[in-house]
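Participant: Using the hints provided, position chains H, Y and G with the ligands relative to the given structure of chain P.
Protein chains in written order, with this note's numbering: chain P, 1 to 500; chain H, 1 to 320; chain Y, 1 to 289; chain G, 1 to 326.
In short, the hints are calculated from the structure, not lab data. Misleading hints may appear alongside valid ones.
Among the chain G residues that face chain Y by a calculated CB cut under 10 Å, a handful are [said to hold, decoys possible]:
(1) K39
(2) F40
(3) I47
(4) N48
(5) R51
(6) Q96
(7) H149
(8) F155
(9) G169
(10) V173
(11) L298
(12) G300
(13) S303
(14) Q306
(15) A309
(16) I313
Derived coverage of chain H by chain Y (criterion: at least 3 residues anywhere in the stretch with Cβ under 8 Å from a Cβ of chain Y; other residues may be distant) [said to hold, decoys possible]:
(17) 38 to 50
(18) 140 to 154
(19) 230 to 242
(20) 285 to 294
Note that the Cβ used here is the ideal one computed from N, Cα and C, for glycine as well.
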Amino acid sequence: MSVMSESDLIISIRDVSKSFPGVKALDKVSIDVRRGTVHGIVGENGAGKSTLMKILSGVYQKDSGTIVFDGQTIEHTTALESMHRGLAIIYQELNLVSTMSVGENVFLGRFKEMKGMRGTHAKARELLDSIGCKVSTGKLVSEISVSTKQMVEIAKALSFKSKLIIMDEPSSSLTAEEMAQLVKIIHQLRSQGISIIYISHKLDEIFEFCDTVTVMRDGHVIDTMPTSEVTRNDMITKMVGRTIENEYPPRPAKVGGTLMEVRGINTRKLKDISFKLREGEILGLVGLVGAGRTEIVRAIFGADKAKGHEVLLGGKKALIRNPRDAKRAGLGLIPEDRKLQGLVLTFSVESNISMASMDRFSRFGFIRRSLERGIGERQVKALSVKTPSVKVPVVNLSGGNQQKCIVGRWLEIAPKIFIMDEPTKGIDVGAKYEIYLLMKRIAEDGGAIILISSELPEVLNMSNRVLTIFEGRLTGEFDPATTPVDTIMASALGMPGVSA
Amino acid sequence: MDRTTRSSALFGILTRQKALPFIIIMLVGMLFTKTGFYTPYNLLDMLNSSSILLILSFGVTLTIIAGGCDLSIGGILVVSGVLSIKLQSVMPMWPAIFCAIVFGVVVGFVNGFLVVHQRTEAFIITLGMGLLLTGVAQQLTDAHPLPSSNPDFMMIGNGYLLGVPNLVIITIVCFIIFAWLMRYTQFGRNLYAIGGDYEVARYSGINVIRTKWLAFVISGGTAALAGFLLSSKLNTGSAIYGDLTALVVNCGVVVGGTSFAGGIGGIPQSALGLLAFGMLDNVMNMLNITSYYQILLKGTVIVAIIWLDCFAQKRKRELV
Amino acid sequence: AKVKAAFVVSNQANESQAFSAKEFLRLGAKYGFEVSTFDAKGDTQVESQIVTNCIAQKFKVIFLNPNDIHAIVPAIMKAKQAGLVVGMFSSDLVGADQKYRDFASSSDDVLGGQLAAQQMIKQFPNGAKIVEIGGQAGHNAQLSRHDGFNGDKGIKGSKIQVLDFKACQQWATDQAQAIMEDFIVKYGKDIQGVFVHWDNGATGVIQAAKAAGLKNIFIIGVDGNKAGYVQVKSGDQAVSIAQDFTAMVDKSLSLAKDVLAGKKVQGYNVIPQVIYDKTTVSKYSTPEW
Amino acid sequence: MSPAEKTGALKSAAGFLRSYLLIVLIAVLVVLTAIVEPKFLSGQNMINIMRQFGPLIMVALGMTFVIIGGFIDLSVAGIINLVAVVTISLIQVLGQVPALIVGMALGAACGALNSVVILSSGALTQAEALFMTFGMSTVYSAFALLYSHGSTMHFWDIDKSKSVFEAIGAGKVGPVSVSFLIFLFFLALLWIFQANTTEGRSIRLTGGNKTAAELAGIRIRRSIVVIYTICGFMAGVGAIVLFSRITTAAPVIGANFETNAILSVVVGGTTLKGGKGSVLRTVTGVLLIILMSNCLNLLGVSSYLQVVAKGAILVFAIWLDNRKQA
Ligand SMILES: Nc1ncnc2c1ncn2[C@@H]1O[C@H](COP(=O)(O)OP(=O)(O)OP(=O)(O)O)[C@@H](O)[C@H]1O
Ligand SMILES: Nc1ncnc2c1ncn2[C@@H]1O[C@H](COP(=O)(O)OP(=O)(O)OP(=O)(O)O)[C@@H](O)[C@H]1O
Ligand SMILES: [Mg+2]
Ligand SMILES: [Mg+2]
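The following block holds chain P by itself, in its conformation from the complex (with noise of 0.2 Å):
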């Protein structure tokens, strides 16, 4: 590295640090990324890579450290003003206004450049093309799906002139021919001489087309080296830090009869889903980012409206029409998005907690305050939930810990099936092996849990058994502890020849 001259650098980041309230996601990360070339970014999830990203662009600001972009030091910047100087992004949330057009959203707050809505809608075309993505330019952003939607985030970040893109996780809920796509065009930006920052959790693809990669872990840079000298193991251990043993408990060991039964869930989105759930089991659900999973288990426990479907609980059918009668059929949900659809986030830890449970703790309609505070009390010490004291305002929690506030939520009632929908999205390490440890307790008392997560080592090595969900259908039934992760990788994409 020593032989590099400045000149040769697009951006060079020194020791930045930044700490959100309770967490310390970057601590004096120093990365540079050479002039043309594509340069990877691993680490598990949390580990900051997403926050430096937000900090090179100017959504964050830096708590410390010095970042130099095309010879310019920046010290405070703006979104437009790096978009200005040449830094492009592709952020991991979609990153689109959702009611206008997918010609607009390309050309966002540059309709003036483009000369007018014909202007935008043609060059945007133009883009589009470039990229092989068909969509009309006329669609509403609302109404195409999610690949569909990161083929038009991509199309907005290539349509700056930029020196540096920043791509992250771009290939997430991209099909295989989408990705072959993507690939060429980062061969064809490279050869123009314009980087890219490539943040992926998919280690083939970094080693299929980063020059070098960069691994980090709890906000750390812990290594920086050239793809070619490094082996997949290697980058694994360094990701990781530990033997994987250590990452997830056992699955639970002894599995019953059926304790739920879905037969024939179909809606707009879902075709004909039907499946059994077993007592003490950990059902898992593989699928890209709206492959349809949430819609399954919202369906399941009523929050949407399907129809014609059945739900038989012990062998009899339960009539659910909406989240309350699941709670009384004794299901449990944990929402996938926490600050929507979890919590009240202004209200205390203790009455979030106490949410799901109001009849334990009332007589005629009258809370009685003691009881609740009880069943507050208690859950946060079962689940050592770190907060001052239970009448704090969750929003004041850090992100394991509002989880696990959830998580008590449903504890407190004691639900057979327990439904996670991402229940470790955001949290650190520690927290999470402390929500293994809670599923598997849940499962061996002899309820059953169904668990979606983007991250497949987690519903690989905690499952007993997976499906898998493509466009709306499942695709295949697995053993996660026999099958290999590309068989079940390739059926949850759709992939023809493997099937259950």
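Facilitator: Below, chains H, Y and G with the ligands without anything else, positioned relative to chain P:
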């Protein structure tokens, strides 16, 4: 844009736009009555009568599309009306009118500061602002109507150009300017983006604060313009002309199909919404419907249109 | 065939106007009119819309009781241009504007205020301290009554002293009551008389005085409606300056008939107001409104 | 003091001012008025304030629940119009107690109808409810006008006993007016309901986050029906207190009550975003609004300037309160 999306956009307007079918029903229904509805005089008169509310709605639409709303327009309307007359005692007419409009712009600026910069709830803060301004107008006029003695001033709001009332022409000009602004300019499209998703707009490098702020300024200026025109039309300024105006206009905008959540809608929609109200008034008078039933009918129409709109959205959400 | 006539009221939720509308419908036929009534619902903008709408509907005659006698002028000019007969009802245009109307049939609100003042002076020849509570701030009747009461032919020059004056936001009884309550706190037993612009407002004033245990306050109201009539009869209210809307309607219709027949009519026609007080009230029958 | 300490002290002073802004404002107003016009503190005036509290506080208490639940109700003006004319006319027909009961039930029924209209359309946002209830208000007002033919009804029109209503309007128990006691009764009832019942909690949760509440098995639809019904019911009570106080009922009697009620709730510190707030806060909000006109009347401020002052203080209070929450 290809043809299919264009025709589907048209279809979308027809299904989303609940005021349009309602207008068509009225137009068709009136064919079968023996009234003077279908006379050029009446049709122009109907437009003329709706003109002030239409102009007000254009400004308000901007704030609603940007994800806010403006309930202070009633107050701005009356104060600017009073000012445009009162100031004529110390300066010529056009400067007086100019000052009145500047006043509206200033109020809009303050609204924008409070709503956008200070992040207060637009609904409640502009409601309070409207109340305050009504008091200002009362104070300015000692609660007396203030007639203007300048015939030129009156002719602005009551004159004709080539047989078309000035107000109708001004409304059409405003319509074209605002529709153009919202559809064909950077500013307009940015407003849609801001109302659609504030954060995304921010990340995309749009100067969200300045843009949304400007929407309030324009709304204030438009309200002041409407206020001066109203005063000219009535040849009088008074504090009591704007009492229900703000709610009626905001309601008309929503009835037209502009979403109060922001990001969806447009000037043509708002125009249709308020035209529907204007036409309903006209039709009810033509049919000699008695006062109390008129009130009943109008309330029912408001509820029905918004109900249908919400219901259609619900059906769309729940489509299985 | 009957002549099409329109009666436009400023607000039909107001009972005097609702009553007038009824009278127009009842008496119209007698004079050969087919009367339709229109309601501006208290909105000045709507009021001028209705006038132009009446032009479109080809009415021959239009009777108008406007919210705002200035703001209606441009619309009246159009009606005049279109050849309609324009009669002002319960109000009149002022100054040069009067050329745009054919006639006005009205009890004079300025005169109403003056009559009230005279009653007050008659009661307190040696002077008294009183308060005045106005109707809806900015409403034409409120302004005229206030001006009449305080003007040259009113208490000006007399020994009556107005301690305080406050107008309401609407013609709302509870607002008059709240203002009176506050006046009582402020001036207490000093208040010897009250001029309140409308009898329904007087109802609130009476409640306030009763609740404070104040007796013998000399309360004058305007309208002579059922409330005023009953209150005067029961002695709660001293005087009501009564308007005769039936006579007013009758006069309007006959004037309109004359104008259509090409006769020359007097422009301003005052319908005399009568005074209800303890001694006179029993001479009159209970008003219908 | 060091500059840091100074700014710290300033900050905490500002913080204090913000958290207790309303109380501070009320105190300033009271002290100012008491100095200029000592009669402000007289027993007579205290009774006045109690009485003037009457109708508005009832409506505002009901409105508090709708706003805590994350919605809004513009229809209270219409409900007041309708309940007032119907109830007063029923005294003659049914006698006073049945009329009272029918009146309150009618208010509750109108409120429930609002919630049915809202829920059946699937409108779950405040904005949609805003305009729907605006329309409903017009509908109720129209029914009030049609029912009464636009005429005013007076107590003396009624041959039957109306002692109950007279007591509500002007009665006193010791020095305390009956309407104030009614207010205290409903305040206690609604406060217990809000703070101590599961339904009260459900309403707050619904206002805090509808989606989360529903997924946790809370009956948000029922909560929505409950808040609108309470609001309608309290508007009905407000109507009864109002017409009893002035001894007459006109079909336009409720004008502007919706704006004043919403302003008092929000000025009291209940946020329009929902989930937060309390009926106790609303009491301070109403107190401010009532005191404002009482004090300004006593200070001899013209009615026009009063509107300006009222508007300015409201805007200021809302802005400061908003900053506090930000
Ligand atoms: N706005 C925020 N407020 C508080 N904490 C945050 C915020 N954004 C991120 N964090 C925390 O910072 C840490 C780093 O998050 P970041 O999103 O950068 O991880 P990542 O490496 O991109 O993970 P992933 O692979 O899941 O995308 C996490 O612990 C996360 O919870
Ligand atoms: N085709 C689509 N169009 C618009 N939004 C979509 C689409 N697919 C998914 N979404 C959004 O993504 C969310 C999750 O989608 P869904 O439940 O279908 O898939 P999932 O497999 O659970 O995906 P995830 O991994 O994101 O949980 C939905 O709530 C929806 O808002
Ligand atoms: Mg990330
Ligand atoms: Mg999901």
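Participant: If a hint holds in the structure, say so; if it doesn't, say that too.
Facilitator: Evaluated hints:
1. The criterion of a C-beta within 10 Å of any C-beta in chain Y is met by G/K39, whose closest approach is roughly 5 Å, and the hint holds.
2. Checking G/F40 against chain Y: minimum C-beta separation of about 7 Å stays under 10 Å; hint holds.
3. A cut of 10 Å between beta carbons decides the hint on G/I47: the least distance to chain Y is about 8 Å, and the hint holds.
4. A least Cβ separation of about 4 Å between G/N48 and chain Y falls short of the 10 Å threshold, and the interface hint therefore holds.
5. Here the hint on G/R51 is kept, as its CB sits about 7 Å from the closest CB of chain Y, short of 10 Å.
6. The interface hint given for G/Q96 is broken, as the beta carbon of that residue sits about 18 Å from the closest beta carbon of chain Y, more than 10 Å.
7. Proximity of G/H149 to chain Y holds as hinted, the smallest CB-CB distance being about 7 Å (cut-off 10 Å).
8. The criterion of a C-beta within 10 Å of any C-beta in chain Y is met by G/F155, whose closest approach is roughly 9 Å, and the hint holds.
9. For G/G169, the shortest C-beta to C-beta distance to chain Y is roughly 7 Å, which falls under 10 Å, so the interface hint holds.
10. With its C-beta approaching chain Y no nearer than about 14 Å, G/V173 sits outside the 10 Å limit, and its interface hint is violated.
11. With its C-beta approaching chain Y no nearer than about 5 Å, G/L298 sits inside the 10 Å limit, and its interface hint holds.
12. At about 7 Å, the closest approach between the beta carbon of G/G300 and any beta carbon in chain Y falls short of 10 Å, and the interface hint on this residue holds.
13. Residue-level restraint check for G/S303 holds (minimum Cβ-Cβ distance to chain Y is 5 Å; threshold 10 Å).
14. Annotation: interface hint on G/Q306 holds; nearest CB of chain Y at approximately 9 Å, less than 10 Å.
15. Against a cut-off of 10 Å between C-beta atoms, the interface hint on G/A309 is violated, since the closest Cβ of chain Y lies about 14 Å away.
16. Of the supplied interface hints, the one on G/I313 is violated, with its beta-carbon coming no nearer than about 17 Å to a beta-carbon of chain Y, more than 10 Å.
17. Residues of the stretch 38 to 50 of chain H lying with their CB closer than 8 Å to a CB of chain Y number 6, which satisfies the three-residue condition for coverage.
18. For the stretch 140 to 154 of chain H, the assignment as covered by chain Y holds, since 7 residues bring a beta-carbon within under 8 Å of that chain's beta-carbons and 3 suffice.
19. For the stretch 230 to 242 of chain H, the proposed coverage by chain Y is satisfied: 9 residues have a C-beta within less than 8 Å of a C-beta in that chain, meeting the threshold of three.
20. Under a criterion of three residues with beta carbons nearer than 8 Å to beta carbons of chain Y, the stated coverage of the stretch 285 to 294 of chain H is upheld, 7 such residues being counted.
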